[in-house]
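On the provided structure of chain A, position chain B as indicated by the hints.
There are 2 protein chains.
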Amino acid sequence: MNDRLTYLFRPRSIAIIGASNDQRKRGYQAVQSLLHDRYEGKIYPINPKEQSILGITAAGNIQDVEDQIDLALIATPAKSVPAVLRDCGKKDVKGAIILAVGFGEAGTHGKKLEEEVVSIARENHIRIVGPNTSGMFNTHHKMNLTGIRDIRTGSMAILSQSGNMALSLITEINAKSNVGFSAYVGVGNEADIQFHEYLSYFKDDPTTNIIVMFVDGMKDGRKFLQIAKETVEKKPIVLLRSGRSEKGRQAARSHTGALAGLSAVSRTAFKRVGIITIDRSDELFPAAEALAHLPPLRRNRVAVLSDGGGHSALAADALSDYRLSISDLSEQTRAKLKQVLSDSHTIENPLDLAGASDSNPAVFADCAEVILSDPEIHALMIVGLFGGYHIRFSESLKAIEEETAHRLGKLMKELKKPVVVHSLYASYRPPPLEILKEYSIPVHESIDITAKCLSVLEEYGDHLNYSHMKTDFVIRSEGKTLSAVREIFQRAATEKRKSLLETEAREALRLHGIPVTEFELAATGEDAVAAARKIGYPVVLKIVSPDIVHKTDVGGVLLNIKNDDAVRDGFDLLIGRARRHNQRAKIKGVLVTPMMPEGVDIVVGVVRDPQFGPVIMVGLGGIMVEVVRDVSFRVIPLVQFSAEQMVEDIHSKAIFDGVRGRPPSDKKAIHDLLMQVSKFVEAYIDTIAELDLNPVVVYEKGLSVIDARMFLK
Amino acid sequence: MNDRLTYLFRPRSIAIIGASNDQRKRGYQAVQSLLHDRYEGKIYPINPKEQSILGITAAGNIQDVEDQIDLALIATPAKSVPAVLRDCGKKDVKGAIILAVGFGEAGTHGKKLEEEVVSIARENHIRIVGPNTSGMFNTHHKMNLTGIRDIRTGSMAILSQSGNMALSLITEINAKSNVGFSAYVGVGNEADIQFHEYLSYFKDDPTTNIIVMFVDGMKDGRKFLQIAKETVEKKPIVLLRSGRSEKGRQAARSHTGALAGLSAVSRTAFKRVGIITIDRSDELFPAAEALAHLPPLRRNRVAVLSDGGGHSALAADALSDYRLSISDLSEQTRAKLKQVLSDSHTIENPLDLAGASDSNPAVFADCAEVILSDPEIHALMIVGLFGGYHIRFSESLKAIEEETAHRLGKLMKELKKPVVVHSLYASYRPPPLEILKEYSIPVHESIDITAKCLSVLEEYGDHLNYSHMKTDFVIRSEGKTLSAVREIFQRAATEKRKSLLETEAREALRLHGIPVTEFELAATGEDAVAAARKIGYPVVLKIVSPDIVHKTDVGGVLLNIKNDDAVRDGFDLLIGRARRHNQRAKIKGVLVTPMMPEGVDIVVGVVRDPQFGPVIMVGLGGIMVEVVRDVSFRVIPLVQFSAEQMVEDIHSKAIFDGVRGRPPSDKKAIHDLLMQVSKFVEAYIDTIAELDLNPVVVYEKGLSVIDARMFLK
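First to last, the protein sequences are chains A and B. Oh and the first sequence: position 213 is 213 in our numbering, straight run, nothing missing. Count along the second sequence from 1, add 713, and you get the number used in our numbering.
Excised from the complex, chain A in its bound form (with noise of 0.2 Å):
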């Protein structure tokens, strides 16, 4: 598959459909900056109407062409693309990027015109990227189809759903730092070519050493996770969402016709494969340079130089929000800057330098040097006027402010601990400041924005100390199931029922370890005494039917039922009741099952997702459950990592330590529990819809799973 997007981004050859001569026209810019950059491949400009486009013979149809074409470059409306791509087809043309608007975000008229264009495709094996795409560009291929100018050559792919973030993301690019892209596609409507096989490309390619995405919605969140997750292995990815209100997931609608936009289960998903999430625009640039060109930060703890109290402060308020530890320094440490600095001089973290730095900004150097070779400091922040005191103070200070850019440098390249810079002055691009550039060294105005850049780097470390213990997303299913389940399923199915009896989830998940409370069903109130005795006293009964989903509302469940007596008035009271509700109710009888003491109710579920399917949920029970969704979510499969990380992920989380006296709650079974549930969605994944584990009480040892409905597909 990679070997066809291979003739999209390196094409020996490129027809522009709808070239032109008018300068405004894609159709004319393509030529053009193919011929500026000096593309090296042979161009075939195609206009039925012209001779020539900028000196090339244009040919009046591609099939007019002899040479074999790779790529097409589609500018002609929407409503002539499916006779173009017909004619691309008899020509044996390897890939197509269609620009029009007018497709699958345009409506149902659209919707048709793109399956059509899809489908007239996959007849002639032709990938497609769009359509309502901006385009794509390889700088090392020397081909441009962006209409974007100034793009500098580098190892920065962009996978971006939309043209203008591009132009955003080179745009500030150029203004602010020396950082080049390696390739660009604007994935448009993702009508053909998804996210997760651009992002294949892109993982193999060496020229690409970091990857931007812009995403609003995708097709197929699943193959994407997996793809993810063996790419950021190679380089890291970071993805700017957008669509996490509901505004914002109408405009992506209207914008790419994204179905649904991201859903709120991304975010976690994205982050169990290692991919960086930014919900800012403005920090997307700062992040992905950072990325590109330090150090993942393997551990959390970081210093800081500053020249003043009132921005180390703010700065150790920005680090802290994304929990990097700004430690104490060693004894030793302490005891090298006081020589550095002077015996009166304060010692801390962060080190305000504030008087030794005035006269000398070399003190930064000195004491990073200092800082940065103590082993239990991972990182510097440098916070202030540093790049500045020329202009600040003196302008005799320049000299020594590169000679000390250079000192942080070389420091940076020699310790390889990230150093991060926050200027005052950035703006200005003053020489000094261009220098710590030169050597890779981050430097923002903002100084949130520059404690992000370490941010992200501890992220990405964190993600690489871990990622091999977590899922690769792939669902398994092979020999896991039992005959005796699919023989449920196929029951419910052959009655054409799309949920189980409670009776039959119970037994479906017993049979797979799963411990739901002992259950007996009876079908007369003797079966359920002599079921009752077995099982002991007090005993809870509810009425099965296929005809009665929610039991409480019909009063069919009754609880804390004592003795013989009370269990024959209640079979009769829930038989009388099932009635009164439904007369064509079909009864199978009456569950019995053991009352169980109190513990923490929690609920677990699995409901599915449009992009990523099957997500588990675990939360808090009980009353607090409706108030505060304290939930968290997991796309399906766990592994024990992530099970122990959701567990951890619920806010009220505490209340599993035992509070007031109470004991503590066994965590490990519930760790127990969502793996079990994880494996046993896996192995019917063609069948559960959904499923929803209700109370679940969870005690000091163990757990009992007191009620469980499940869905069928």
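A couple of the hints might just be wrong.
Unchecked claim - Using 30 Å as the maximum straight-line C-alpha spacing, the simulated DSS-like pairs for lysine-lysine come out as follows:
1. Lys1380(B) with Lys653(A)
2. Lys984(B) with Lys936(B)
3. Lys792(B) with Lys336(A)
4. Lys25(A) with Lys1380(B)
What the hints assert, rightly or not - Here are the in silico distance ranges between beta carbons for each label pair:
5. Arg152(A) with Glu943(B): 52 to 58 Å
6. Arg1204(B) with Asn563(A): 54 to 60 Å
7. His581(A) with Arg1375(B): 20 to 26 Å
8. Asp343(A) with Leu767(B): 31 to 37 Å
Simulated from the structure, these hints should not be mistaken for lab results. Glycine is no exception: its CB is placed at the ideal position from the N, C-alpha and C atoms.
Okay, now just chain B, sitting in the frame of chain A:
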């Protein structure tokens, strides 16, 4: 008092003590800057070792100057300051700025020195700025004693605990905007003049129309709130706060010696007086600039104009984060927009102009005219490429963009609705964007920061809408006390108790109309039986002893006692347990109180904040209090508005609506209780240290205070 500050801000004569001919010294820079700016008063350099400074004859001592001196800038080291200040006193100097460090921020010795300096100043009626300050400037008085160069004259005042933050702000504004400054003062250690006094000056300063503050701690928070409330009625205050993290607070402490940093209640307290609090330093300038020049946003309905779907979605997300409403456009507005664009263009909010704007950026103004004329739209945010169309597409678009910028500017002036602009070309400062700035339209490179501008305008407008319903933070205790309650406090004081007995606390609250449950203190078992019968079974029994504070820890509470015999047994049991716990415990008897039915448990408390004084707290009670501290705080006094807001601030407030078939809780009763407690604490402000009503049970109608503890100062 402000008269004295006028001498500081508008001195007729300034002595520079420690004036110098060394360019690197503050004593040189001050003289140089006064000369350069053509300061119109008298300048007196003081230096015993120099004949003249920058051509002005130097005096050896301030007493040698014949003229009256309004202001002394003391640029000599800390240890010299007491003597210098005594000399100033003899000369009847009105105010002094002490630059030196080494005072309150620098340990015990520094604190003593600071106390000495303050006492000399008081004796001599000299008001002190600092020490540990970067100085002050007043551009309208041509006085700049900060050493910062290139300060534009304007109407923004800076009141800051950090000189570098002021420098950051000035540097950033010089690089990005046309804003100018009226005055600056670095408060330093607040040894004498405090934040609220400076604020009071700026409140009445006609040259100032916005006040920007940087604060990492303050000495008298309550007075500050009182002045701030008055100030905000006239001009906005934007406050950058540091110290929200433990490390940030540490850094702040060693910076200005500010005792505790800003406490957690500061944010809400600032909000109540209408201060716009900012946590990110990179949002300070944009927020201040917007507030300085744009009309406050009294309602929150905004529209977005973009030229790309990606930017639309990001803008919608950012605005939604700030609770701004991107509302649907009216039918009429939509019809008008269809005329401007085309029938096939999708008309929605955000409105994406892609396709229409590329060849004609004037559509931005065409659409803005239609949208801003809609009475239901109160502000406009433009995102994307505007200002750079001539860079991106064709130089020929420049004139259109400039004309469009003028139209947008005029539109804003005319309709008095804020317009803010994101442009990815902002850092290039192209002419169309410079034109927007001339009309005071903020232009930013970051979508998030552009949205933040509208957010602060909305926050300010919302405050102005409700400010008449908010407290002035003045404690009014006169005429509100009761003699019976004063006697209770007196008795505790006589017995040297720092806490009231539960019976005393209940009595004091009851006398002020607070609904504590009925109670009787029983000295014997038979008394207890009589009390229980009177109250009605079931009852609760509690031990009452000044020597037992934590009753439950010693088994001193018996719940749900149902008959006479159980009361007799319970009485003996409690006395016995108390004796076992502490043989010498003074036992006052046993409290008998009704066993109340279940409802929703809440807690109400009062604590003392070092900066703001008494603070009232309300939160959910029961087990969840300990698991998630779901509480909200307000500085006392409350008014009805804040009592209601406090309850709405509780995260799990949905529990009051009634869940799982439970009835809703009486929120009004909670508001009433909060108001009563606030007034009670106001009345005895000098006596009460802390108060703890826990639990309070809230019913469908009314509530009951079940337990009360009160601690005295």
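Outcome of the hint check:
no., hint, result
1, Lys1380(B) with Lys653(A), "28 Å, holds"
2, Lys984(B) with Lys936(B), "15 Å, holds"
3, Lys792(B) with Lys336(A), "28 Å, holds"
4, Lys25(A) with Lys1380(B), "64 Å, violated"
5, Arg152(A) with Glu943(B): 52 to 58 Å, "55 Å, holds"
6, Arg1204(B) with Asn563(A): 54 to 60 Å, "58 Å, holds"
7, His581(A) with Arg1375(B): 20 to 26 Å, "24 Å, holds"
8, Asp343(A) with Leu767(B): 31 to 37 Å, "35 Å, holds"
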